[in-house]
Amino acid sequence: MLEGLQWLSCYLTTGKHMGFYVSFGTVLLLLAITAPVALGFGFGAAMLSRARIAPISWIGKGYIAAVRGVPDIAFFLFFVIALDQGIEWLLHQARCPEWTDPIRQGNDFVVCDIAKMPLGTSPQWIHETYGFALAVLTFAIVFGAFAGNVLYGAMNSVPRGQIETAEAYGMTHRQAFWRILVPQMWVYALPGLSNLWMVLIKATPLLFLLGVEDIVYWARELGGSKMARFTDYPHGDWRMWYFLVLLVFYLAFTRVSEIVLARITTKLSHGQATVGGEAQRKAA
Amino acid sequence: MKNLILTTAALALTAGAAMAETVRLGTEGAYPPYNFLNDAGEVDGFERELGDELCKRAELECTWVTNDWDSIIPNLTSGNYDAIIAGMSITEAREELVDFTQGYTQPSPSAYAGLTEGLDVKNAVIAAQASTIQSAHVAETGATLVEFPTPDETVAAVQSGEVDAVLSDKDFLVPIVAETDLMFLEEVRLGGGIGMAFRESDDELRGKFDAAIASMKEDGSLNAMLDKWEIEGKF
Chain R
9 MLEGLQWLSC
19 YLTTGKHMGF
29 YVSFGTVLLL
39 LAITAPVALG
49 FGFGAAMLSR
59 ARIAPISWIG
69 KGYIAAVRGV
79 PDIAFFLFFV
89 IALDQGIEWL
99 LHQARCPEWT
109 DPIRQGNDFV
119 VCDIAKMPLG
129 TSPQWIHETY
139 GFALAVLTFA
149 IVFGAFAGNV
159 LYGAMNSVPR
169 GQIETAEAYG
179 MTHRQAFWRI
189 LVPQMWVYAL
199 PGLSNLWMVL
209 IKATPLLFLL
219 GVEDIVYWAR
229 ELGGSKMARF
239 TDYPHGDWRM
249 WYFLVLLVFY
259 LAFTRVSEIV
269 LARITTKLSH
279 GQATVGGEAQ
289 RKAA
Chain H
3 MKNLILTTAA
13 LALTAGAAMA
23 ETVRLGTEGA
33 YPPYNFLNDA
43 GEVDGFEREL
53 GDELCKRAEL
63 ECTWVTNDWD
73 SIIPNLTSGN
83 YDAIIAGMSI
93 TEAREELVDF
103 TQGYTQPSPS
113 AYAGLTEGLD
123 VKNAVIAAQA
133 STIQSAHVAE
143 TGATLVEFPT
153 PDETVAAVQS
163 GEVDAVLSDK
173 DFLVPIVAET
183 DLMFLEEVRL
193 GGGIGMAFRE
203 SDDELRGKFD
213 AAIASMKEDG
223 SLNAMLDKWE
233 IEGKF
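Respectively, the protein sequence lines represent chains R and H.
Be aware that the first sequence starts at 9, since it is given in our numbering, and climbs by one per residue.
Be aware that the second sequence starts at 3, since it is given in our numbering, and climbs by one per residue.
These are calculated hints, taken from the structure and not from any lab test.
By construction, the Cβ of each residue, glycine as well, lies at the ideal position given by its N, Cα and C atoms.
Since no wrong hints were added, every one of them can be taken at face value.
Listed below are several chain R residues computed to face chain H (Cβ distance under 7 Å; list not exhaustive): (1) D116; (2) F117; (3) T129; (4) T239.
Straight-line alpha carbon distances no greater than 20 Å define the calculated EDC-like cross-link-like pairs of lysine to aspartate or glutamate that follow: (5) K210(H) / D121(R); (6) K24(R) / D46(H); (7) K24(R) / D41(H); (8) K24(R) / D70(H).
Bound conformation, chain R alone (with noise of 0.2 Å):
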């Protein structure tokens, strides 16, 4: 029996516990590949709801009203199994166009073979792989519609007198969007956006109703009472301990995250005829 200090360095080693500190990673790349495409498709949604034709509008419009208006976890065990079977479905018309029997057959959605995504032979590193990619998207299409509603007000709220200001210049309706419109606008978009980046840190746990293992997986599987038929490390019921690690995780990647917005946003208000900027012409 080893005990003390020794005994917890080995069961913190443990391969399990290896999976709980690589599960930190997965958390930290989500989040670091999520934030940017969840940008991008907000980005996408304001532009197109900006559109001087309708139809084009509509589709920016439509997108923003129609996941905004989805309850989260619906649209996270919904999407990802229409989205998985949509492309599964897809391979099987394309490389199995002599397949005659169903495709549903009665519970079951069955596709030949060589349509399965990933393939039944992939190893288990592929199906995680795509698991995250699917986990990535759904999360960048639900915050890309909230990204989207944000930059579209933040758009609208520069001051209409710095386009008309641009247009007296001469220059197009692209040029005057591109140089004056977006430079100025993330100064408005920023609390909006800053609220969703902490509401995205905070809803990564929703990655195991997509089938990742993440930290909150983790934490309950280790901190679950062991016996000692089952495990070296024998122990009661620990999870109190592992959702504090947890609460603490949480609480100082938030904290970074307000102190890094905080500094963008002086950074952005620089020269800006906001309050802010305003404020800081008069101190300098």
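Keeping the supplied structure of chain R fixed, place chain H upon it in accordance with the hints.
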């Protein structure tokens, strides 16, 4: 675009792999002694050993996948893995969604376990894992049912006093009763034994595993395995 790159990479990597039939086995990984994650984070337990032996006999290559209990049947029917081997009792309600092999355990006794002796389990608050034969049974007896997503949480609820007792497979509770303050109260027999579940459209694969289970029953190797993991009932 990112997806596209990943997809192409995945295809490129797998195109060269041998086309030996790979069967993905789905399990919960939270139900000792049937299936659990060992210290190394790998699936272990009676069903791990059984599944590996069955695959050897059926000459299939098998990989193990863990999945949440709640969505374990929908993920089978939508094709994320090919079989469930997760301590799942054969019941009529499940037969409507999936097809089972013959049982590889006898209909095993379920047991109530609590902290105080002489509890009237028909008139108490009972914890059970959601969507199990035990939770269905508790609802029938008229006791107050509290459901939890994982087996471990049902036991934790008894220890914290949130419920009076837990109803679960006896084999799952035996090591817990041996090592904690919990004691057995009453036994009931539920379900028709534990089997592997397959998609209803997948009769060929189910046939292979069914034959492998039959051959293990014949040569006694299944009994030896049940003994090793201290699971009640023999063939």
